[in-house]
Each structure stands twice: as structure tokens, then as C-alpha cells.
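Colleague: Start from the sequences, fold in the hints, and give me the full structure.
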Amino acid sequence: MKKIILSTERCKACEYCIHFCPKNAIGLTSNFNSKGYKTIAIDEVKCIGCGICYTMCPDSVIEILNDANKGVAGR
Amino acid sequence: MIKEILFSGFGGQGIVTGALCMAHICIQDGMDVTNMPQYGAEQRGGAASSDTKFVAPPGEIYDPRMEHPDVLIALTEHALAHHAKVLKKDAIVLFNTDMGTYDPSKYPNLKIYGVPCLAIGDSVGTSKSANFVMMGLAMKLTGWFTRDFCVEQIEGYFRQEHREKLIDVNIRAFDAGYNYTF
Amino acid sequence: MTKELWKGDYAYAECAIRAGCRLFAGYPITPTTELMEYVATHLPQAGGHCIIAENEANIPYILNGAAACGTYAFTTSSAPGTTLMQEGIAWASKYDIPAVLLHSQRYGGATGTLHGEGQTDYKRDVAGGGHGDYHTIVFAPASVQECVDMLYISWELAYKYRIWVVIHVGRSLCHMYEAIELPPAKSTHTKPEWCLNGKYHLFDPMCELLDDPTAYVKAQQERYNAVIDNEQRWEAGYLEDADYVIVAYGIPGRVVKKAVQDMRAAGEKVGFIRPVTIWPYPQKAFDMVSKKVKGFLSMEINDLGQMKKDVALSAKLANRDRNVLVYAFYRGEYFSTEEVKEFYGRVKNGQFEAEL
Amino acid sequence: MAKNYTTPTVITGKNTYCNGCGHSIVIKTICQLLDEMNLQEKCVIVHGVGCCTMLGLNGIVKLSTMHFSHGKTMAAATGVARCIDDGVLVIGYHGDGDAYNIGFSETFNAGYRNENVVDIVINNSLYGMTGGQMSHTTLIGEWTENTPEGRDPEVTGYPLRFPEMVKNALPHAFLARGGVFNPTEVRKTKALLKHAFERQLSRDGYSLVEILSMCPTNAHKTPLEVRQWVEDEMGAYYKLGVIQEGASRGLIENF
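Protein chains in written order, with this note's numbering: chain A, 1 to 75; chain B, 1 to 182; chain C, 1 to 356; chain D, 1 to 255.
Simulated from the structure, these hints should not be mistaken for laboratory data.
Incorrect hints may appear among the rest.
Listed next, the in silico DSS-like pairs over lysine-lysine satisfying Cα-Cα at most 25 Å (straight line) [unchecked claim]:
{"#": "1", "chain 1": "D", "residue 1": "K194", "chain 2": "D", "residue 2": "K167"}
{"#": "2", "chain 1": "C", "residue 1": "K7", "chain 2": "B", "residue 2": "K165"}
{"#": "3", "chain 1": "D", "residue 1": "K167", "chain 2": "A", "residue 2": "K2"}
{"#": "4", "chain 1": "D", "residue 1": "K194", "chain 2": "C", "residue 2": "K94"}
{"#": "5", "chain 1": "C", "residue 1": "K191", "chain 2": "D", "residue 2": "K42"}
{"#": "6", "chain 1": "D", "residue 1": "K221", "chain 2": "A", "residue 2": "K35"}
{"#": "7", "chain 1": "D", "residue 1": "K42", "chain 2": "C", "residue 2": "K199"}
Partner residues aside, some chain D positions facing chain C, computed with beta carbon under 7 Å [unchecked claim]:
{"#": "8", "residue": "K42"}
{"#": "9", "residue": "M54"}
{"#": "10", "residue": "N58"}
{"#": "11", "residue": "K62"}
{"#": "12", "residue": "K72"}
{"#": "13", "residue": "A75"}
{"#": "14", "residue": "R82"}
{"#": "15", "residue": "C83"}
{"#": "16", "residue": "F104"}
{"#": "17", "residue": "S105"}
Yeah, the Cβ is synthetic: ideal placement off N, Cα and C, and Gly gets one too.
Modeller: Structural data, given as C-alpha cells:
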């Protein structure tokens with residue numbers, strides 16, 4: 001079961017993730033975080049867990065656990 | 001009593017080497033030594049001088065630079081003209097007559113000896129060992145060190161510097177100077 | 001142990017290797033070129049690195065990088081080269097990184113000259129040299145033996161206080177030969193905890209500044225005050241009953257000592273102070289001078305009189321209730337024992353006006 | 001294959017870079033690699049002065065970092081590389097201004113001596129921290145604060161391709177150029193960095209990886225516009241990929 005963790009407090013709304021999502025699963029919400037940026041939200045149904053948004057995200061907002069049983073990537 | 005010997009001439013004439021070998025001889029005799037070379041930007045041909053001071057029994061030499069030499073080995077005219085005023089009264093000057101002349105009347109307070117040191121050096125091997133010809137003569141005139149001790153230490157000095165091929169020619173030059181008669 | 005004849009440059013190079021220096025970066029410049037040549041030959045044999053740097057400006061950074069890893073680092077240069085190095089020494093104070101510089105002065109500004117002895121970089125070395133609030137310990141030895149002894153303990157002091165140490169010598173001390181005893185080789189030192197090893201830790205003391213400025217400032221002041229309290233070194237004589245005290249450092253200090261001994265033998269009430277550290281300046285020596293002292297004579301080899309104000313300040317601090325006169329003798333040429341005596345005679349007879 | 005994408009362990013989450021800044025992506029990529037290669041406690045980053053300074057000073061990562069004066073990054077990294085224990089990764093991390101303008105001598109000479117370091121240069125074609133002035137890598141015609149009419153090469157010279165300049169002239173271990181303007185290039189860049197790290201750990205010498213990056217703030221555009229500009233304009237002038245793959249240290253006798 002896929003799990004998406006968003007640290008929206010870190011988000012600076014650069015929209016790289018939205019631009020590159022192959023499934024158009026990401027969008028800006030109308031919520032503001034404490035830095036004053038609009039935050040993102042991911043449609044978990046559309047998401048295929050490809051990790052492109054994770055790769056491009058400058059602020060480490062997005063984490064995707066495709067396999068929650070497996071340890072953290074690279075460890 | 002601090003003794004002082006000054007080698008002076010052009011760079012390349014063995015000024016620094018001669019004075020340093022002198023310092024080596026002194027330290028091997030258990031004395032306190034300083035040696036202060038002075039040379040210009042030119043590697044060869046600029047005015048150079050090197051001053052060796054020594055004192056026995058070992059005591060502190062307060063001023064390591066040249067003050068009032070007891071002996072001047074002048075390999076050029078300039079060396080004599082430049083340093084004559086600082087020499088001690090009745091200092092011994094060994095002047096290289098192969099490369100210039102001097103007017104004894106200008107230096108009444110000095111004991112100047114004209115020595116054709118280049119020719120003497122040439123006759124025993126090379127004119128480049130003129131510095132050791134002068135050193136040999138200086139040792140004879142001052143009696144600071146015996147001939148045998150100097151020869152032994154000259155050999156030791158060049159061995160220490162890994163320049164063994166220079167030992168023989170320089171000892172021959174030293175002897176030629178030591179045995180020179182006016 | 002018998003004394004050996006060593007050229008200054010070679011002696012310092014050998015001493016540095018024996019003291020545990022394992023990284024040297026240098027750039028050829030008279031009169032310290034021979035030091036670099038010796039290090040380049042012998043340091044790799046001892047398992048160290050000799051880096052022939054591209055210019056002097058980068059050398060302190062190479063040293064800072066190495067010293068940050070706990071390695072005893074060393075460089076040497078002459079006046080124009082050390083000027084380029086000041087930036088890196090100032091930056092070392094950011095992380096309190098310790099290293100050692102042997103600075104052989106030339107006489108004069110710009111390229112300077114090599115024909116005489118000079119003390120023209122006193123002002124810069126004592127003040128620190130670069131930007132920011134920092135000091136370096138500055139040794140001003142007067143003989144090859146003393147310089148060797150200072151260099152031998154330099155890294156221990158540098159690491160103890162986390163501060164650069166500058167050995168401030170004249171040209172002569174590098175080129176001259178003297179009969180000296182070299183100290184034995186030290187065993188390897190343990191690297192301090194603060195040094196870089198690849199693990200994350202707070203390496204930058206300035207980070208504390210962001211959290212607690214007062215604590216950081218207090219720590220800095222305590223560190224420098226400890227240096228001032230503990231590391232003043234000097235040689236002095238005949239201070240207890242001296243009417244006049246002559247102050248000179250480096251090789252001129254030797255000349256002054258000899259002149260003072262001669263004058264004492266002739267019945268003159270004169271003493272001498274030869275600062276061995278010029279930062280911290282040996283205030284304690286001035287405190288030991290007779291409170292009835294009539295004046296201090298500052299003697300140095302430069303054109304503008306760079307040390308005279310330090311002498312005046314120390315004289316003032318030692319005699320706060322009155323104005324002790326300071327007579328300054330400075331010129332860009334060596335002076336002899338006779339000239340010291342003559343200067344003293346003129347001061348004593350009121351023929352020389354006090355400058356400060 | 002199910003793969004987990006998690007934030008690297010050394011990233012603290014505090015990030016003081018502007019929105020859309022390429023630095024953040026590069027730093028995250030480096031940290032990912034450190035996690036994968038298990039080097040979190042065996043790494044020293046010597047960074048330059050400029051926006052790269054925030055890497056160490058602002059606590060963005062929990063790594064051993066140090067920095068010195070403008071342009072002196074590779075001089076300090078030289079000292080560290082010579083004296084640090086074997087098996088510790090030494091990274092020089094700086095921008096194009098630090099590496100190619102003020103620090104040209106240091107960068108070149110560290111490579112010239114073939115010091116055992118990885119030099120990562122973030123090329124965003126301008127000085128970021130000072131507010132967007134021309135650097136050596138500013139493109140012809142590009143607007144910056146001090147080239148208001150666009151960069152004129154007749155006056156300011158031509159943009160510098162440093163890796164190409166030293167390519168095959170010196171026995172560098174590895175020269176390459178990557179980019180962080182799209183996910184494909186980020187992943188390729190990660191592979192380049194990994195290769196450079198491996199070459200450094202096997203003590204093969206100097207590696208330089210230049211990375212094309214975005215600076216939306218000083219370009220006065222949105223992150224997405226700048227990303228497109230980097231991909232189209234900078235990518236055309238600065239060719240991506242491996243530029244030099246040097247021999248291992250033992251084999252360079254006949255260089």
C-alpha cells in the first residue's frame with residue numbers, strides 16, 4: 001500500500017512537482033503555510049508513485065513510501 | 001676574544017663557501033661561531049661578502065653581523081675599497097693582485113699583502129680555488145689553526161656537503177697558499 | 001650534546017619536522033627559499049606533505065584546511081608574501097584554526113631590500129595583519145638557537161590557544177649560520193576533539209554567537225587574556241636600579257644587551273629589555289623596572305619607529321602616577337654597540353629630546 | 001519494483017534557499033548519495049562564499065562543513081584532502097562565481113596538482129547572493145544587474161566553459177556537466193556525482209562536476225520560466241554529459 005507524506009510547512013510553491021507530474025496528480029491548494037506560500041496536495045488515486053516530484057522537489061516536501069514494509073531508501 | 005674574518009668579492013668566487021668552511025673549521029675546534037653571508041640578486045657576478053666570527057672558549061657572540069674584521073680576504077678591488085673603513089687597526093688584508101691593484105698609501109693602518117691567488121690556484125688545479133689559497137695564507141699569517149687541522153676539516157666539510165671531488169684540489173690550493181712566500 | 005653548524009633556514013626546517021609538522025605549503029622567496037627546499041626534500045620522508053603552492057595568498061587556506069584536520073601545518077615567507085597571507089590568517093580566526101608562519105622580514109616596503117636587516121613589519125604583525133578581532137602570538141627571536149626553540153613549541157601553543165603563531169625574524173636569521181643544538185624529534189601528537197574527521201559536529205565557534213553572543217564574546221576574551229597572561233616572554237637585565245632602560249628586540253636586542261653589559265661595567269645605571277614575544281608585549285618586564293626609572297630608550301631598525309608606542313604604553317602602564325619619558329631611536333640601518341652607547345650618552349646628558 | 005522515496009537522513013528540513021533554487025535540489029541529491037553510499041559520517045564539505053555558504057552556516061544539512069574566503073574553497077579543500085583520514089569524502093561545493101571568477105586560480109591549481117577532491121560547481125550564470133551580477137558564465141545577451149543591455153562579449157569576454165578548457169590538458173580523474181532543470185537530468189547528475197564520489201574514494205584524483213542550476217530570484221522570473229530558460233539556453237551553450245574520464249592514478253605515467 002502506497003503512502004504519501006507531505007511536509008507542507010517546508011513548501012515554497014515553486015510548482016516543479018506540478019509541472020513534471022506525468023499523471024497531473026499534484027495541484028496547489030488555497031491553503032497558506034507559515035511562510036506564506038500556497039501548499040501542494042497530491043491526488044493519491046491518480047498517483048503512481050513514480051517519484052518524479054520527489055526528485056525535483058527542492059525543499060524535501062514530498063516523501064513516497066511505495067512499500068511501507070521496506071526500509072527507507074538507501075539504508 | 002671574538003675573532004672575525006671576512007671574505008669579500010664577486011658571487012661565484014667562493015666567497016660564501018670559503019667563509020662557511022672557515023666556520024666549519026672553527027666549530028670543529030669547539031668554538032662558538034656565526035657566519036653571515038650577504039649577496040645580491042645575481043647568482044653570479046654581484047658583490048658578495050661573507051663574515052665568520054668565532055670565539056673560544058664558547059661564549060655568546062652578541063652581534064652576528066660584520067663589525068670589525070681582523071682579516072679581510074679581498075678578491076676584488078671593490079671588496080677592499082668597500083670594507084677598508086670598518087677593519088680593525090692593523091688588520092690583515094689579503095688582496096687579489098690578479099684582478100686589480102691597490103694603493104698602499106691610502107690604507108696606512110692596514111697590513112695589506114698582494115697575492116696572485118688566481119695564478120696560484122691555477123697552478124695547482126683551478127683558479128676557482130683562489131678562496132682556499134687565501135684561506136691557507138691567512139691561517140699561516142694569523143696562526144689561528146694549524147695546517148693539519150684545517151686540511152682535515154676542509155675534507156670533512158666537503159664530505160658533509162657531498163662534494164667529495166672538490167676535496168683534493170682545495171687542499172692543494174690551501175697548501176699552496178699556506179706555503180706561499182712573498 | 002655537541003653543537004652543530006646550521007644555516008638558519010635549514011635549522012628551522014629540520015626543527016619543524018622534528019616538532020611534528022606534517023604539512024608545509026610554500027612559495028619560493030628569498031630569504032626563506034632554502035627552508036622550503038629542505039622541507040621539500042625531508043618532509044615527505046617523514047610522511048608529510050610539501051605543497052608547492054600557486055601563490056602566497058592561497059597558502060594559509062591550504063594550511064587552514066590541513067590544520068582543521070588536526071595536522072601541524074607550517075609555512076614561511078618574506079615580507080611581500082606574508083602580506084598576501086594576511087587574509088587567510090584573518091580567516092583562520094573564524095574557526096580559531098592554529099598554524100605557524102615563519103616570517104622573515106625584508107627592510108622596506110613593496111619588495112623591500114635584502115642587503116640589510118629590517119624591522120619594518122613590526123606594526124603589522126603585532127596588530128594581527130588582517131581584518132577582524134584577532135591576534136597572533138608573535139615571537140621575535142634573536143638567534144638561530146632561540147628561533148629553533150620557539151618553533152619547537154609553536155604548535156603546542158598554537159593548538160593550546162587555537163591561534164596562529166608568527167615567528168617574526170629578520171633576514172639575517174634565515175641566512176646566517178650559527179652553532180646550535182637541535183631538539184629531539186617529538187612523538188606524534190593526538191588530534192584534538194574539535195578537528196574535522198568527517199562526522200558532523202559544531203565546528204564553527206561563530207555558530208555559538210548566533211545562539212548566545214555574550215558567551216561567545218566572553219570565551220574569546222578569556223582566550224586572548226590567557227595568552228596575554230601566560231605567554232609574555234622576554235630577556236632583561238639590571239632593571240632593579242636602572243635609571244634608563246633600553247628596549248630592543250631581535251638581533252638589535254643582542255647588540256643592546258652587549259652595550260648595556262659594557263656600560264654597567266663602566267658604572268652606568270642602565271638596564272635592558274629584549275622582548276621575545278612582541279604580541280603579547282612583555283608588560284611584566286616593564287612592571288619589574290625600578291619605579292625611579294627616568295626614561296626608556298626604544299631602539300629599532302626602521303624609518304618611522306614602529307615599536308616606540310608599545311614601549312610608551314608599557315612604560316605608562318607600569319608607572320601610572322607619572323609620565324615616564326620615552327626616547328626613540330630608529331633608522332633603517334643596523335646600529336652597533338658604540339652607537340647604542342652614544343645614544344644613551346646623549347639621552348643621559350639631555351641632548352636628545354624625548355619623543356613620547 | 002516498489003521503491004521508497006524518503007528525505008535523506010542528514011537533511012534537517014530547514015531550508016533557507018529561495019523557492020525554486022537549484023542549490024536545494026543539488027544538496028538533496030548529494031545527501032541521497034551519501035545515504036546510499038553510507039557516507040553520512042565520512043564526508044567533509046568545504047563550501048565557498050555566496051549562496052553555497054548557507055549549506056553549512058544555516059544548518060540545512062547535518063554534515064561536517066567548513067568555508068573560507070571568496071574563491072579559496074579549493075585551496076582549503078586541498079589542505080583537508082591531504083590530511084584527512086582515508087575513506088573520507090572531501091567535497092568542494094561552490095558556485096560559478098566562486099569557482100571560475102575569484103577562485104579560478106584555486107580551482108585550476110587544485111586540478112593541476114590533481115588533488116583528491118570532488119569539486120561541485122553550481123552554475124546559475126550569475127552571482128546569486130549579491131543580487132544577480134554578471135559572472136564568467138553569464139550567457140551572451142543575458143540580462144543581469146550589471147549588464148542591463150545584455151552581456152556584450154566584445155566588452156566582457158565570452159562565457160567560460162571551464163571543464164572544456166582543461167579537458168585533456170591535465171590528468172583529471174573525471175570532468176562532467178549535469179543539470180537540475182528536469183527530473184531526467186537530476187537523475188543523470190546523481191549518477192555523475194556518484195561516479196565522481198567513487199573515483200575520489202579510490203583516490204584517483206580531481207573530479208569536477210558542473211551543474212546547471214536555476215536562480216529564479218535574480219532572473220526576476222517564476223521558477224518554471226527560469227527552469228525552461230536553463231534547459232533551452234544554458235543547455236545549448238553548456239553541453240551536458242561526461243567531458244573527461246581520466247585514467248586511474250597509477251596509469252597516468254605516460255600522460
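Colleague: Against each hint, give a clear statement of whether it holds in the structure.
Modeller: How the hints compare with the structure:
Between K194(D) and K167(D) the alpha-carbon distance is near 20 Å, which keeps this suggested pair within the 25 Å criterion. A C-alpha spacing of about 23 Å is found between K7(C) and K165(B), which places the hinted pair at or below 25 Å, so the restraint holds. Restraint check for K167(D) and K2(A): the C-alpha separation of about 46 Å exceeds 25 Å, so the hint is violated. Under the criterion of a C-alpha separation no larger than 25 Å, the hint pairing K194(D) with K94(C) is inconsistent with the structure, at around 32 Å.
In summary, the hint linking K191(C) to K42(D) is supported, as the alpha carbons are separated by about 17 Å, within the 25 Å threshold. For the hint pairing K221(D) with K35(A), the CA-to-CA distance comes to about 20 Å; that is within 25 Å, so the pair holds. Straight-line distance between C-alpha atoms of K42(D) and K199(C) comes to about 6 Å, which keeps the hinted pair within the 25 Å bound. Interface restraint check: K42(D) against chain C, minimum CB-CB distance 4 Å, threshold 7 Å, status holds.
About 13 Å separates the beta-carbon of M54(D) from the nearest beta-carbon of chain C, more than 7 Å, and the hint is not met. Hint status for N58(D) relative to chain C: violated, with the closest Cβ pair at about 10 Å, above 7 Å. Against a cut-off of 7 Å between C-beta atoms, the interface hint on K62(D) holds, since the closest Cβ of chain C lies about 5 Å away. Nearest Cβ of chain C to the Cβ of K72(D): about 4 Å, under the 7 Å cut. The hint holds.
With a cut of 7 Å, the hint placing A75(D) at the interface with chain C holds, because the nearest CB-to-CB distance is about 4 Å. For the restraint placing R82(D) at the interface with chain C, the shortest Cβ-Cβ distance is roughly 5 Å, inside the 7 Å limit, so the hint holds. Interface hint status for C83(D): upheld, as the beta-carbon distance to the closest one in chain C is roughly 4 Å, under 7 Å. Of the supplied interface hints, the one on F104(D) is violated, with its beta-carbon coming no nearer than about 11 Å to a beta-carbon of chain C, more than 7 Å.
A cut of 7 Å between beta carbons decides the hint on S105(D): the least distance to chain C is about 6 Å, and the hint holds.
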